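K.L.:
Work the whole structure out from these sequences, hints included.
Residue numbers are given in the numbering used here: position 24 of the sequence shown equals residue 24, and the series is strictly consecutive.
Just so you know, the hints here were simulated from the structure itself, not pulled from any lab data.
This one's a predicted model, so the numbers in the text were calculated from it and none came from an experiment.
Be aware that a few hints might be false.
Calculated pairs, SDA-like style, for lysine to any residue (alpha carbon to alpha carbon, straight line, at most 20 angstroms) [as the list claims (entries may be wrong)]:
| hint | residue 1 | residue 2 |
| --- | --- | --- |
| 1 | 33 | 81 |
| 2 | 33 | 17 |
| 3 | 33 | 6 |
| 4 | 33 | 110 |
| 5 | 33 | 82 |
| 6 | 33 | 141 |
| 7 | 33 | 147 |
| 8 | 33 | 64 |
| 9 | 33 | 22 |
| 10 | 33 | 80 |
| 11 | 33 | 53 |
| 12 | 33 | 16 |
| 13 | 33 | 120 |
| 14 | 33 | 8 |
| 15 | 33 | 171 |
| 16 | 33 | 70 |
| 17 | 33 | 92 |
Each pair of labels, with its calculated beta carbon distance range [said to hold, decoys possible]:
| hint | residue 1 | residue 2 | range |
| --- | --- | --- | --- |
| 18 | 16 | 173 | 55 to 65 angstroms |
| 19 | 121 | 81 | 43 to 53 angstroms |
| 20 | 161 | 286 | 27 to 37 angstroms |
Glycine included, C-beta positions come from ideal geometry on N, C-alpha and C.
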Amino acid sequence: MTMTATTTETFVERAVTDLAACYGGVMISIGHKLGLYRALAGRGPSSSVELAARTSCEERYVREWLNSQVAAGYLAYHEESDTYELPAAHVPVLADEESPLFMPPAFDIPASMWFDQERTLEAFRTGDGVPWGERDSRLACGVAVFYRNAYRAALVPEWLPALDGVVEKLERGALVADVGCGHGHSTILMAQAFEQSRFVGFDTDEASIEAARANAEAAGVADRVEFHRADAGSYTGEYDLICFFDCLHDLGDPVGAARHARGALAEDGTLLVVEPFAGDGVGENLGPVGRLYYSASTAICVPHSRSEGIGLALGAQAGPAQLAAVFREAGFGSIRRAHETPFNIVLEVRS
Numbered sequence: 001m002t003m004t005a006t007t008t009e010t011f012v013e014r015a016v017t018d019l020a021a022c023y024g025g026v027m028i029s030i031g032h033k034l035g036l037y038r039a040l041a042g043r044g045p046s047s048s049v050e051l052a053a054r055t056s057c058e059e060r061y062v063r064e065w066l067n068s069q070v071a072a073g074y075l076a077y078h079e080e081s082d083t084y085e086l087p088a089a090h091v092p093v094l095a096d097e098e099s100p101l102f103m104p105p106a107f108d109i110p111a112s113m114w115f116d117q118e119r120t121l122e123a124f125r126t127g128d129g130v131p132w133g134e135r136d137s138r139l140a141c142g143v144a145v146f147y148r149n150a151y152r153a154a155l156v157p158e159w160l161p162a163l164d165g166v167v168e169k170l171e172r173g174a175l176v177a178d179v180g181c182g183h184g185h186s187t188i189l190m191a192q193a194f195e196q197s198r199f200v201g202f203d204t205d206e207a208s209i210e211a212a213r214a215n216a217e218a219a220g221v222a223d224r225v226e227f228h229r230a231d232a233g234s235y236t237g238e239y240d241l242i243c244f245f246d247c248l249h250d251l252g253d254p255v256g257a258a259r260h261a262r263g264a265l266a267e268d269g270t271l272l273v274v275e276p277f278a279g280d281g282v283g284e285n286l287g288p289v290g291r292l293y294y295s296a297s298t299a300i301c302v303p304h305s306r307s308e309g310i311g312l313a314l315g316a317q318a319g320p321a322q323l324a325a326v327f328r329e330a331g332f333g334s335i336r337r338a339h340e341t342p343f344n345i346v347l348e349v350r351s
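P.N.:
As structure tokens, then:
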């Protein structure tokens, strides 16, 4: 692929736009954590004084933040009344914490990447890895909240029905493993939907396991959900469904993990694999989504993979051909792309 020719001046404009977006991410996080967006949602035009009073914040800070949001195109400004308004179309993205489009928690992820930059620089120089559990805590929290909403919108309504016969098994009663479960949101969503089935989540990070147990208690499904500390090659049991949600590419030995899963599947069991959307070559992964995934992969996914010894380091843009090769090497005979979204590939893998 040939790059479009640009002048230095136009490229500087692009770089400044990117720099402004980095600054803007900090403003989005502040707006979320102080409840500023929520206090604007559905209220119509509001003055800085009114918003400060609603949120118990100091007006001068609020006014400067509001102006940053107008400059970014996130808020509308009414000059005649000196008021600010959150457009209705922006509410699902900025203020509705149950929306699958809700974005603010995702900005904790690059915050953690900045915080951990020295470790990433050292990993570049040495080739060593950085385990997920040794990262700044904002990484796990940001990923958990951001992915929770996306999974809520797609996992039960779309992804599971795209698998052959799996929903029927879950309705009758099945045993399910969620490998790399993190804070347990994917496990809990399935447990809430299928009351006859039992679910077990596994993760290597003890803090995530503790968070998952607390989330299961809060959701009222702790009687049908268990969470244990184990890696992708050491959990035990025989399962009708084994899930890997956005984690296979993080593993040091994805082939070994797939082989272990094959041995842990019951007869006629299914492997559900959800991975970041990607094509099979760099030229197919250009644009904002590819940029996001390659960047996260550089600072988070590849370092974690390298921390697990073998460190195959598939990366977050492995693509369907590489993923299929992993499962073929592990002995699976059927690998089918069951579903896809702009952000995910959903694979059904069977023996």
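K.L.:
Compare the structure with each hint and give your call.
P.N.:
Hint check:
no., hint, result
1, 33 x 81, "violated, 27 angstroms"
2, 33 x 17, "violated, 24 angstroms"
3, 33 x 6, "violated, 39 angstroms"
4, 33 x 110, "holds, 16 angstroms"
5, 33 x 82, "violated, 24 angstroms"
6, 33 x 141, "holds, 13 angstroms"
7, 33 x 147, "holds, 18 angstroms"
8, 33 x 64, "holds, 16 angstroms"
9, 33 x 22, "holds, 17 angstroms"
10, 33 x 80, "violated, 29 angstroms"
11, 33 x 53, "holds, 16 angstroms"
12, 33 x 16, "violated, 26 angstroms"
13, 33 x 120, "violated, 27 angstroms"
14, 33 x 8, "violated, 38 angstroms"
15, 33 x 171, "violated, 39 angstroms"
16, 33 x 70, "holds, 19 angstroms"
17, 33 x 92, "holds, 16 angstroms"
18, 16 x 173: 55 to 65 angstroms, "holds, 57 angstroms"
19, 121 x 81: 43 to 53 angstroms, "holds, 49 angstroms"
20, 161 x 286: 27 to 37 angstroms, "holds, 32 angstroms"
Violated hints, in rising order: 1, 2, 3, 5, 10, 12, 13, 14 and 15; the structure is consistent with all others.
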